[in-house]
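S.K.: Here is what each chain is made of, one letter per residue.
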Amino acid sequence: CSAAQAQSSVTLYGALGLDVVSASNVYTGATKKSQLLIEDNAIVNSRIGLRGTEDLGGGLNAVFGLESTVHPDTGTAGNTSAYWNRGAFVGLTGSFGSIKIGHQWDVSDDLMGNYFVFAYYSPFFFSGFGSLSNYYDNAIKYSSPKIGGFEGGLFYALGEKTVSGSAGNFAQAVGTYTAGPFSIGLVGDTLKADDGSGNKDEMWALGAAYNFGPVKLRGGFARTDVEIGTPFKANLIDVGVDVPFSNVAGMSADFVKKDVKSSDDDTEYVRLQGYYRLSKRTSLNSNLIFLKNSGNADFVWYGDGSPGQKQTIFTVGITHAF
Amino acid sequence: CSAAQAQSSVTLYGALGLDVVSASNVYTGATKKSQLLIEDNAIVNSRIGLRGTEDLGGGLNAVFGLESTVHPDTGTAGNTSAYWNRGAFVGLTGSFGSIKIGHQWDVSDDLMGNYFVFAYYSPFFFSGFGSLSNYYDNAIKYSSPKIGGFEGGLFYALGEKTVSGSAGNFAQAVGTYTAGPFSIGLVGDTLKADDGSGNKDEMWALGAAYNFGPVKLRGGFARTDVEIGTPFKANLIDVGVDVPFSNVAGMSADFVKKDVKSSDDDTEYVRLQGYYRLSKRTSLNSNLIFLKNSGNADFVWYGDGSPGQKQTIFTVGITHAF
Amino acid sequence: CSAAQAQSSVTLYGALGLDVVSASNVYTGATKKSQLLIEDNAIVNSRIGLRGTEDLGGGLNAVFGLESTVHPDTGTAGNTSAYWNRGAFVGLTGSFGSIKIGHQWDVSDDLMGNYFVFAYYSPFFFSGFGSLSNYYDNAIKYSSPKIGGFEGGLFYALGEKTVSGSAGNFAQAVGTYTAGPFSIGLVGDTLKADDGSGNKDEMWALGAAYNFGPVKLRGGFARTDVEIGTPFKANLIDVGVDVPFSNVAGMSADFVKKDVKSSDDDTEYVRLQGYYRLSKRTSLNSNLIFLKNSGNADFVWYGDGSPGQKQTIFTVGITHAF
Chain A
3 CSAAQAQSSV
13 TLYGALGLDV
23 VSASNVYTGA
33 TKKSQLLIED
43 NAIVNSRIGL
53 RGTEDLGGGL
63 NAVFGLESTV
73 HPDTGTAGNT
83 SAYWNRGAFV
93 GLTGSFGSIK
103 IGHQWDVSDD
113 LMGNYFVFAY
123 YSPFFFSGFG
133 SLSNYYDNAI
143 KYSSPKIGGF
153 EGGLFYALGE
163 KTVSGSAGNF
173 AQAVGTYTAG
183 PFSIGLVGDT
193 LKADDGSGNK
203 DEMWALGAAY
213 NFGPVKLRGG
223 FARTDVEIGT
233 PFKANLIDVG
243 VDVPFSNVAG
253 MSADFVKKDV
263 KSSDDDTEYV
273 RLQGYYRLSK
283 RTSLNSNLIF
293 LKNSGNADFV
303 WYGDGSPGQK
313 QTIFTVGITH
323 AF
Chain B
3 CSAAQAQSSV
13 TLYGALGLDV
23 VSASNVYTGA
33 TKKSQLLIED
43 NAIVNSRIGL
53 RGTEDLGGGL
63 NAVFGLESTV
73 HPDTGTAGNT
83 SAYWNRGAFV
93 GLTGSFGSIK
103 IGHQWDVSDD
113 LMGNYFVFAY
123 YSPFFFSGFG
133 SLSNYYDNAI
143 KYSSPKIGGF
153 EGGLFYALGE
163 KTVSGSAGNF
173 AQAVGTYTAG
183 PFSIGLVGDT
193 LKADDGSGNK
203 DEMWALGAAY
213 NFGPVKLRGG
223 FARTDVEIGT
233 PFKANLIDVG
243 VDVPFSNVAG
253 MSADFVKKDV
263 KSSDDDTEYV
273 RLQGYYRLSK
283 RTSLNSNLIF
293 LKNSGNADFV
303 WYGDGSPGQK
313 QTIFTVGITH
323 AF
Chain C
3 CSAAQAQSSV
13 TLYGALGLDV
23 VSASNVYTGA
33 TKKSQLLIED
43 NAIVNSRIGL
53 RGTEDLGGGL
63 NAVFGLESTV
73 HPDTGTAGNT
83 SAYWNRGAFV
93 GLTGSFGSIK
103 IGHQWDVSDD
113 LMGNYFVFAY
123 YSPFFFSGFG
133 SLSNYYDNAI
143 KYSSPKIGGF
153 EGGLFYALGE
163 KTVSGSAGNF
173 AQAVGTYTAG
183 PFSIGLVGDT
193 LKADDGSGNK
203 DEMWALGAAY
213 NFGPVKLRGG
223 FARTDVEIGT
233 PFKANLIDVG
243 VDVPFSNVAG
253 MSADFVKKDV
263 KSSDDDTEYV
273 RLQGYYRLSK
283 RTSLNSNLIF
293 LKNSGNADFV
303 WYGDGSPGQK
313 QTIFTVGITH
323 AF
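Chains as they are written, first to last, in the working numbering: chain A, 3 to 324; chain B, 3 to 324; chain C, 3 to 324.
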């Protein structure tokens, strides 16, 4: 048997997906027009990565991960800050759970995806709610084992600013509980300003889901209190349902609303999503989004937003994992 | 059998090559001198890539590709725009041919390489003829199956400019026909200006080849009509011959001329190329180039060109594929 | 046997390591404070790479290598100049030794690591001594076979400046001799200024080591004569001892001093290092550094140095190779 000489400890994996997108009200100078675009798939994050596990004996394992965003519409990789933007860490796992150190996703990304729309067209793109799913430099993450339905994690990322020892530091804690078809999760986090002013952003979120079998109901609520930059407070709700039609097809629907306190500058959208699996690794999928801004809110997914504008988005795409 | 854990769906491949180059008339302030350089190999594009195919049943396959230029003389990767500059796509193949979406090579690169010098020292480096072999963002490519000697493709790339729905769009069509030792190919393409002005660049090219066995004759003719930027029209000819000496050695010769219409600012060169294969994957190879500019043309491969200058280039290199 | 389809000629390898670092006197405006940091591991350079060897018959092999720094604290890759910053080369090996061409490490890095501290907290970070271990563009490296205890190498890197044929060129030669527990090495190199002025930097270094079994003694001496930029001459000494405690644990100690000639602006440090191997591929390790500047010297590992300052550094880290 002549096997590949790739080290037995490394798994090379990834996914690529692309959408044909039709978006209304894309900015075109004085007027607003619909535009056809080819974009990265909005359900599966295109990426490549390396990962591995080594058995150290006594139930202890060494683990590592490296992951890089691929933008297949343009061929770019990573983000402007880092090639391995989606993770570069090493750690130990065992009966105690796991400890990982490096550039990595927060614990909310690991555990709160049951309750909010993740990937693209997600509420974590709203300012003030990014820590629902974000990655951080200089981070230590502890993830607990699952004990009687409980699971949780702690996350601490160093800002490493010279202005003060704690400037830019980020801390997050998550706890979840699962019992049969029911699950609930809670996250809280705080970020200190880079400038040593003592200003901080705080967010917490609560989510719950119940799987009835034919449908799964989800609900998430989050609240942010932003002091860094222009201060504001806002609530976020995400109410959703997942409906599998068969082993290979299904859809989901979400209503998401960001309500900025003491302001009419709110944003809300409905997201319908459907998928059809050609295989375990290859899928066709589609999104339909109705986005609406109120007051002076100008959030859009495509183009430059203008106050109070709407945007309707329709996508058809293909994704392939390897 | 303990095989590598690398996913069975991924092939990791690549090539690296380097040349020792001696080039005359490299710009050195007031004078022009020869210079010795170490450069990327001019026959094999150095690169790494991942590719894979998944059988979806019924003759349908999912395919993907990721490919990145490596410049082994300096260790840089990709180009300044993108790490995966040579391709980042996903698609479906079947009896209908293939459809691929993403950042990718045009269909001329796939099908017209029989008739023109490709890789480095190629006429597609002349302004106005780049689309003989180029890659584009936001592209959809259809490649036909081979039917009775016919083969072709359609390519459409979105500019995604907000100034108008079609600004920056590029369209290309190619058809080829092969009958025994004879083949012929035709390509036409058009690029709309980014600024929404409606200006466009148009190019078409015709190529033919006949394989006599001991030698293969090739000929290509192209015409460009450039409106974007400073307008000009130009013709291009490439007449060449491939001479295999044995299973492991051979040479080729090409005469290439760019004739700018209503102008004496023309450029022509002769390119002699030889190779000796140490194995299927490792080769030694060599180039000898005599380049001549007329009028105010100042095209050179090395240094800063000056009007009407010549450049003689001699390379010896090694290439290795993996 | 269903093996991976990764090409049998490629080995994908790498290492990741991170340290928790406590450093004193990190600059914080008017005051100096200790700071806690998460940094790349200081003993194992985090990296990924591809390498391969092809048997060409007759004792000849083709080899290639691609290697990229990973900074796992931030997820960045390579350096600002190049993704494959740690190597992009192709070459031939045989009974004559090896010849490699491309972006690559100098021969001092290959052969002088026995006598000086390498990786991080190394004297090659001192200005004037970088060529003890550095990588260069456009380089040809010849490495001899080991003949009766002798081993050596020649290295030549082209500056490829247009101002003159030799501006920026770098040349280095290394010879080592090993006899049982004793080894000795000598390196000399010269770098010509980029500006064609004829100024040059010259360095040579001598190292020796003796392995007594329970301990290994090492000593290195280097001298630099810098003309490019602000001229200076300096000596460097590195006296060290390696003490293995067992198959899995050990420590080393080094005293390093840079003595700038005709100046009191000197820098010295003591470095203690210990390791404990959890497996062949995974280790815990630690560093303790006492750094002292004299006169106007302001070299520090963290923060912005000020004249004559000290810095104490303590690290605890984990490394994992794959």
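Heads up, some of the hints might be wrong.
Identical chains share a label here; the pair holds if one copy fits it or two copies do between them.
[Stated by the list, open to error] Derived lysine to aspartate or glutamate pairs resembling EDC-like cross-links, with alpha carbons at most 20 Å apart:
id: 1; residue 1: K282; residue 2: D266
id: 2; residue 1: K235; residue 2: D268
id: 3; residue 1: K263; residue 2: D111
id: 4; residue 1: K34; residue 2: D197
id: 5; residue 1: K218; residue 2: D244
id: 6; residue 1: K294; residue 2: D244
id: 7; residue 1: K34; residue 2: D244
id: 8; residue 1: K235; residue 2: E56
id: 9; residue 1: K202; residue 2: D300
id: 10; residue 1: K312; residue 2: D196
id: 11; residue 1: K35; residue 2: D57
id: 12; residue 1: K263; residue 2: D196
id: 13; residue 1: K35; residue 2: D196
id: 14; residue 1: K282; residue 2: E56
id: 15; residue 1: K163; residue 2: D244
id: 16; residue 1: K34; residue 2: D196
id: 17; residue 1: K282; residue 2: D57
id: 18; residue 1: K259; residue 2: D227
id: 19; residue 1: K163; residue 2: D306
id: 20; residue 1: K35; residue 2: D197
id: 21; residue 1: K282; residue 2: D300
id: 22; residue 1: K259; residue 2: D197
id: 23; residue 1: K263; residue 2: D197
The hints are simulated quantities; they were obtained by calculation from the structure and are not laboratory data.
S.K.: Any of the earlier hints contradicted here, and which numbers?
M.R.: 1, 3, 6, 7, 8, 9, 10, 11, 12, 15, 21, 22 and 23
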